[in-house]
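**Student:** As given, the protein sequences belong to chains A and B, one line each in that order. The letter at position 5 of the first sequence is residue 5 when you use this note's numbering, and the numbering goes up by one with no holes. The letter at position 340 of the second sequence is residue 340 when you use this note's numbering, and the numbering goes up by one with no holes.
Worth double-checking, as some hints may not be accurate.
No copy labels: a pair is met if it fits in one copy or bridges any two.
To be verified - Keeping only pairs whose Cα atoms sit at most 20 Å apart, straight-line, the calculated EDC-like set for lysine to aspartate or glutamate is: (1) LYS230 - ASP240; (2) LYS73 - GLU262; (3) LYS79 - GLU287; (4) LYS325 - ASP22.
No lab work stands behind these hints, which were simulated from the structure alone. For clarity, every value in this text was computed on a predicted model and none was experimentally measured.
Number of protein chains: 2
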Amino acid sequence: MIAGGGFGGLWAARTLANQPVDVILVDRNNYHTFLPLLYQVAAAELEPEDIAYPIRSILRKFPNVRFVLADIKRIDLGKRVLYSSDYAITYDYLILATGSTTQFFGIPGAAEYSFQLKTLEQGIALRNHILRCFEYASRKIDDAKRQQLLTFTIVGGGPTGVEFAGALAELIHGPLKKDYPSIDFDYVKVVVIEAANSVLITFPKTLRDYALDRLYRMKVNVMLETLVEKVMPQTVHLKDKNILPTETVIWTAGICADPITEGWGFSTARGGLLMVLPTLEIEGHEEIYVVGDLSSIEDTRRQLPMTAPAAVQQGIHAANNILNKLTGRPQSPFIYKDKGAMVTIGRNTAVAQIGKRSFTGFFAWILWLIVQLINLIGFRNRLMVLINWSIDYLLFERAIRLILPLRKQPQPPRNQT
Amino acid sequence: MIAGGGFGGLWAARTLANQPVDVILVDRNNYHTFLPLLYQVAAAELEPEDIAYPIRSILRKFPNVRFVLADIKRIDLGKRVLYSSDYAITYDYLILATGSTTQFFGIPGAAEYSFQLKTLEQGIALRNHILRCFEYASRKIDDAKRQQLLTFTIVGGGPTGVEFAGALAELIHGPLKKDYPSIDFDYVKVVVIEAANSVLITFPKTLRDYALDRLYRMKVNVMLETLVEKVMPQTVHLKDKNILPTETVIWTAGICADPITEGWGFSTARGGLLMVLPTLEIEGHEEIYVVGDLSSIEDTRRQLPMTAPAAVQQGIHAANNILNKLTGRPQSPFIYKDKGAMVTIGRNTAVAQIGKRSFTGFFAWILWLIVQLINLIGFRNRLMVLINWSIDYLLFERAIRLILPLRKQPQPPRNQT
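Looking at chain A on its own, in the form it has when it is part of the complex (with noise of 0.2 Å):
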């Protein structure tokens, strides 16, 4: 059984697709979310339909391998049970491929009051959102009020946080300001808050400055060496005792496992990751596998990037692990083939190291554009991402600017009275 129809889950899943096995997927989702670029849903970019396939389409190539929608709540490792809510499901082996979430480092309010980029879900209510904070913004108001709405506060200055970034400083310069003309846009604010004193802090240096002079340059404020110590409905406190009015913060700084890994008896590592050995198996229950975000490695000096790239190769690695005890031929140690790592800023620049060599510029963006549709799944997607973004590109619009709540009624942003 492979445990979440994400990046790691699928792999795992493909690679044991027509052999002499059975497996069942599941997923609290009936559709697999292309991570990489939920930040332009949450920018109002794609759609979300653009980045979610049905993980049914996926699998009916694949006789063997059945999908079952259910949410995974408890595991009953003597047994070898998986249960959901409403439903049990035996297993001989598992993968457990869950993936991570926002890590809050327990900075009081911010669990509460701020928007998340880990799901679809997420995605979509940001950019209802941002745009509702428009709306609202738009009306007669006091001075106060409207920057409190117009300042967009993101807390992280890695991929995730630069990209997104980006991608809103330039939907608010672009289409925004042609949509709300009674807006002064002096009063917009895009912020990066970051506790390094650099963004991009994986990357080499040359990457992280052309960065952020990118960001600079799209008016975006980079505050570096900074740290939040409190996050309130309408504000943001630093811990140099600032106070930033803002309606709106996006937390992209740590990830973790899913706080219900806990109740599942394993040992962890930091952030509640799953240890393993360097075969992928959990030590002292080898019918166990742990890929992707929620596995870390114990023996490795350092720490496996949390990328869609690295999962799909121990997803692909465990499956095999697991047809090797099937056929009698020992367990081999997981060995990442670092393929490099490209970040986005805006519409036609990124960065991008591909082993020893480092790009910048429009080149970059090329590179990162030819790879992501490459690795979006099923053709219509495909050909759904690059029509909007030809859109985008050629006519520099953003035709997606639905508010399309969640809940039934929209509500005005927190507190709007």
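Chain A is fixed; fit chain B onto it per the hints.
**Tutor:** Chain B only, in chain A's frame:
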């Protein structure tokens, strides 16, 4: 001021654009919904964003037309003020174009337990529910429960009911059959309940018979001269004492004005529609016009159809009558130009009546396709819809089979244990 960004309100705004007037258009959503294609969203054939267009984008070219996002609650006729829950707007002239909602005729349980097809959110909710029914039916459950989950009951054999029945039947017997190989599709039933002795009762007999025949071929079970007595969470009780086990009831049997209009103090016709003079003014309050589904013209022998073309014509007419008032010209009575009606039944057939001529089959469907595409607002929407349809037609595929719930957590169908 124009209350409502549907067909009536939007075309009124366009007529007043670039005239020496200040226009405020108010809507509870920031987008206009192309309702004629809503049934395709519910049948997972189109994405929600394909039939919705941000109002601000439409109004961008019209500097004298402003948009305000607000849900209208109350009208003070004396002071000429419109109130939402948190906002007040004054007007000199008012065009009421708030449309219609579902009419339940007082049938017990109908409002609580049916799905409606009047808004984008309802369309999405219905799609999610249908997919979830299949997900739960694919588990190990007893036959009676499976029958409930896989019976889909459409109350109302008018255009909406017929179009949705056809689209649903195609979804089920095409892509869903491939996605759910473990389900016995003999259990799946699509039922249409109609009180009259035919579907599409307002159409000529040849077209009615053709539609009925098509539905039968698509394995839709049409129950004519049948009335619903009450709706329960898992059953529908008919007046003839039959009981249908079904988790899904879609109510398309009637429309009426939104109940909020009762508090506005106007004379109403059947279904709460507001009575207007032939000029579309409200008698005694000639600064107020009513257009679209909400209006009922006093001295027409025949009720105007509640369709988009009728609303468009009325919207333009009311706007011109306002301009007449401002320029000292007389009011002109509204004369409806009936340009015909079309109803699709599945992917490549339709019935169409234009003037005195009737068309059926593939040719009628092509006519319908052309009309829809012409009327869709916005280049991008048209392109998207065309691509989605092309994929569906060529591949007989429904690519948009996501359960994207309105609530944060997916819920099992009602009363699922």
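**Student:** Is it within a copy, between copies, both, or neither that the alpha carbon of LYS230 lies no farther than 20 Å from that of ASP240?
**Tutor:** Answer is within: at 12 Å inside a copy they meet the 20 Å cutoff, but 64 Å across does not.
**Student:** Is it within a copy, between copies, both, or neither that the alpha carbon of LYS73 lies no farther than 20 Å from that of GLU262?
**Tutor:** within (11 Å within a copy, 48 Å between copies)
**Student:** Under a CA distance limit of 20 Å, which applies to LYS325 and ASP22: within one copy, between copies, both, or neither?
**Tutor:** within (15 Å within a copy, 75 Å between copies)
**Student:** When Cα atoms must be at most 20 Å apart, do LYS79 and GLU287 count as within-copy, between-copy, both, or neither?
**Tutor:** Close inside one copy (12 Å), not across copies (75 Å); limit 20 Å.
In summary, this structure violates none of the numbered hints.
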